[in-house]
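Order-wise, the sequence lines are chains Z and P.
Taking our numbering, I'd label the letters of the first sequence as residues 883 to 1124.
Taking our numbering, I'd label the letters of the second sequence as residues 821 to 1433.
Just so you know, the hints here were simulated from the structure itself, not pulled from any lab data.
None of these values were measured; they are calculated from a predicted model.
Be a bit skeptical, because a hint or two may be false.
The list that follows gives simulated cross-link-like pairs (lysine-lysine, DSS-like), each with its CA atoms no further than 27 angstroms apart [to be verified]:
#1 Lys844/P - Lys1018/Z
#2 Lys1018/Z - Lys1140/P
#3 Lys1018/Z - Lys1052/Z
Not everything, but these chain P residues come out facing chain Z in the computed CB check (under 10 angstroms) [stated by the list, open to error]:
#4 Trp908
#5 Pro909
#6 Leu1146
Using N, Cα and C, we set each Cβ at its ideal position, and we do this for glycine too.
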Amino acid sequence: MIEIQDLVKAYDGFRAVDGLSLRVDSGEILGLVGPNGAGKTTTLRCLAGIVPPTAGRVAIAGFDLQQQPIEARQRLAFVPDEPHLFDHLTALDHLNLFSRLYGVADGSTRAETMLAEAGLRDQRLSFPGELSRGMKQKLVIACALLHRPEALVLDEPLTGLDPAAMRRMKRTVTDTAAAGASVIVSSHMLHLVEEVCDRVLIVSHGRSVLEGTLEEIRTQLPDVGADADLETLFLKATGGDQ
Amino acid sequence: MTTLLYLAWLSLRGRVLGWLRLMKQPKYLVGTLAGVTWMGMFALRPVMRVNQRTGLERRFEEIAEWLPAVETAAALMLLVFLSLWWLWPFGKAMVELTETELHLLLPAPVRRRHIIQYAVLRNQWGILFGCLMISFFSAGTSPTAFAWRFLSVWLFLTLWNLHSRGRGLWIARLGELPAATAWRRRAMVLAVVGLIWAALTPAIVSIATELPALTGDVVPQLRAALDPERLGTEAPLLALLLTPARWVTGPFSAGLTPDAVLADGLATLIWPLLLVVLHNEWVVGSQTRFEEASLERSRRQAASREAGARFRKIRRSQRKATPFRLRPVGCPETAIIWKNLMLAHRGNLFVLVGSGVVAVAVVATCVAMTGLPEWLIAIMTVGGVIGLSLTPMMAGHQWRNDLRTDLLRIEIIRTWPIDGWRLFASQVLPPATIATLYAAAAGGVLLIAGIAAGHPTTTGSVLVPPELATRLGVSYTVLLLLGLATLLPVVAAIASLSATLQNLLALLWPSWIQLGRRRGGSAANMGHGLLTGIGMMLALALGLLPGVALVGAWLFVQIQMADIPLSAWELPLMGLTAVAPLAVITGLLTRFGGALWDRLDPSTEILAAGSQT
Chain Z
883 MIEIQDLVKA YDGFRAVDGL SLRVDSGEIL GLVGPNGAGK TTTLRCLAGI VPPTAGRVAI
943 AGFDLQQQPI EARQRLAFVP DEPHLFDHLT ALDHLNLFSR LYGVADGSTR AETMLAEAGL
1003 RDQRLSFPGE LSRGMKQKLV IACALLHRPE ALVLDEPLTG LDPAAMRRMK RTVTDTAAAG
1063 ASVIVSSHML HLVEEVCDRV LIVSHGRSVL EGTLEEIRTQ LPDVGADADL ETLFLKATGG
1123 DQ
Chain P
821 MTTLLYLAWL SLRGRVLGWL RLMKQPKYLV GTLAGVTWMG MFALRPVMRV NQRTGLERRF
881 EEIAEWLPAV ETAAALMLLV FLSLWWLWPF GKAMVELTET ELHLLLPAPV RRRHIIQYAV
941 LRNQWGILFG CLMISFFSAG TSPTAFAWRF LSVWLFLTLW NLHSRGRGLW IARLGELPAA
1001 TAWRRRAMVL AVVGLIWAAL TPAIVSIATE LPALTGDVVP QLRAALDPER LGTEAPLLAL
1061 LLTPARWVTG PFSAGLTPDA VLADGLATLI WPLLLVVLHN EWVVGSQTRF EEASLERSRR
1121 QAASREAGAR FRKIRRSQRK ATPFRLRPVG CPETAIIWKN LMLAHRGNLF VLVGSGVVAV
1181 AVVATCVAMT GLPEWLIAIM TVGGVIGLSL TPMMAGHQWR NDLRTDLLRI EIIRTWPIDG
1241 WRLFASQVLP PATIATLYAA AAGGVLLIAG IAAGHPTTTG SVLVPPELAT RLGVSYTVLL
1301 LLGLATLLPV VAAIASLSAT LQNLLALLWP SWIQLGRRRG GSAANMGHGL LTGIGMMLAL
1361 ALGLLPGVAL VGAWLFVQIQ MADIPLSAWE LPLMGLTAVA PLAVITGLLT RFGGALWDRL
1421 DPSTEILAAG SQT
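Could you put the whole structure together from the sequences, leaning on the hints where they help?
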């Protein structure tokens, strides 16, 4: 379970995230959407423990990220928008490194399995500089899922992927949730969010604007049809249609 | 051109504002003040004192009679270098612009000469900084001397810069011209160089034939040979050719003459200024197609900056090698050490150390039987001492396989389930380990030199007096081995402290640290180096003095009070005692680094730097 309560992140007086709260239960996928500068990435970085929040509480699987950071991080996997990898480590080295960091007992065999699942078996001895962006993204996902996280946070996971890789990525997200993990997907690709997410949270100016399933959001907004898609709802909710 | 000047102004303003913004944070302000104070106390003040003691007037008395000869010699060297340089057939059509500037300026409706002029003006920041530094350290305390030194160095560096740029563009232009025209131009240059050497050769031959006959009283002869008036009479062509080179060196002489009339001094500036204007016109008026070469250069620079470029060259068979086998379960910090060691080398650490020990043992055994030439022992001793003493001090400076590289991947490492201080310690250990290994190798060289020095055939080199070994109750070789065993923990402790300080600085002042494997040579990096120097000296003093005091107390109690003779076997224990306070300080700093890491907010400084890289 992922839980955020009254999260605030301020820089030099500017509140990038302003009292945001959310909760994602096990097996659930939440779509986090919002215009540029809405505070999505900052929220996810606070959630992953990369930047400390100014105020509020973040809990992963019941562990407070500030009070019990090791326990919380042990259960979390974060996939940033850019596939950050270590230039001097091969694909297999990356998985071995993550095995040890997260103490994955069957790390060696699982690393091979993850490489095979990601379609990177032939690239196991390749350095990141030799991989395409899509391959790097797959490797980052493989590293993230290696320790079977209870919470998975993805920031723009489809950027730079080809259609086949996009399909695999969507399947990975739904499979991870089906295995019991709480998943947050932040993306500007609204069709992805609409397709894979159970609930959607629309943020703007660091605050929650609307939250719920598509049906629930439709009922909260006036003047939208019963078949309005997420793009219409998003533009209506954030004032982007004006 | 106004637009480009405005762009240059905006860039400068942006840099200054960025710097001022940093100064709003107390840690940067305090850091700057500490750096400036250190610079003033330990670098500038001693130089100023020396300059005051040997004031300009006194120095002028010493060199006044030499000035014309020195000027001729400098002009000669300049002429020789430039003529040889023009024979070198390669040059680059290089106009130094960043990739962004190239992509924005080349398609814009801006005249090409203005773009080149903008690039030339951009180089002035570096030249002005260089002039400032040279003048500070060489001009003494008088403002007039400072101004003259600044002006003369500026003229020289600017001319040098413009000449090299112009030459590069000119040579690149030859490739664009029809072959006949290009060859005609080449022939013209060859003719000029030939003329210069026709004038130079007799002078050089004359000096070369006179050299063997020169006695101890060589100074007046040299001065007379380089006298400009004599040169004008005896070799008028050479004197004429030297004239432009003299214009360049002239302001230096004017600045060294304290009672010179200002008007005369200013007159020496007219000709070099004219040369600057002519050179500038030559460069900005160039028709060479610099665009492609500049784009290529910026692309190449980007590729060399790309951290992953060098790893692609590693052979497939070597990619399976790792410093040690990493099991999936165990302390997570070991994984970070494993990862960071691989940034320096993928070779197996145990094999490396084992083969090193075996190699030293084999060579030492052979040397013990055969001995070594004394000159070789001397070289090995000096090299070994330097390596053993300097390598640990430079650990943090030389190897950057630590937080300074990993902070670029903060979005990964920050999510790892590991305590701050453990993560910090695991970042410090790899550079410290590598430095210790290098120092140990230097120690091995020193050991071999010591064993060779102890060989019966060696008489002149003594590393450790043999009677000392007898007095300490062990053989000569055992004493050498025990000495090395005493020094190695000290070396490791100093290397760890050095790496710890560098990593602390990376967390305390991230905006001042150049993240990634490469070091920069900018003013900011110099400031960072100064701060590290202060920290190192303070921490080493704090850490080593108690250790030395402890060892001193030990010796006093044992020898003076208890009257127990010292045994060589106590030495390693003494080494460990000396290291203990240093280890405590390093441990405390590591804890502090861990606390900093836990509280670190990378949102404004590090994440922004990472996204730019």
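(message) Against the 27 angstroms threshold, does the CA-CA distance of Lys1018/Z and Lys1052/Z hold or violate the hint?
(response) holds, 16 angstroms
(request) Would you settle whether the hint for Trp908/P is holds or violated, based on the nearest Cβ-Cβ distance to chain Z being less than 10 angstroms? (result) With Cβ-Cβ at 35 angstroms, over 10 angstroms, it is violated.
(message) Hint check: Lys1018/Z vs Lys1140/P, CA-CA at most 27 angstroms. Holds or violated?
(response) Judged against 27 angstroms, a Cα distance of about 19 angstroms means the pair holds.
(request) Verify the interface restraint on Leu1146/P: the C-beta must sit less than 10 angstroms from at least one C-beta of chain Z. (result) holds, 5 angstroms
(message) Does Pro909/P hold up as a contact with chain Z if the rule is Cβ-Cβ below 10 angstroms?
(response) violated, 35 angstroms
(request) Starting from Lys844/P, check that the Cα of Lys1018/Z is at most 27 angstroms away, please. (result) Violated - the C-alpha atoms of Lys1018/Z and Lys844/P are around 39 angstroms apart, more than 27 angstroms.
Against the hints set out earlier in the document, violations occur for numbers 1, 4, 5.
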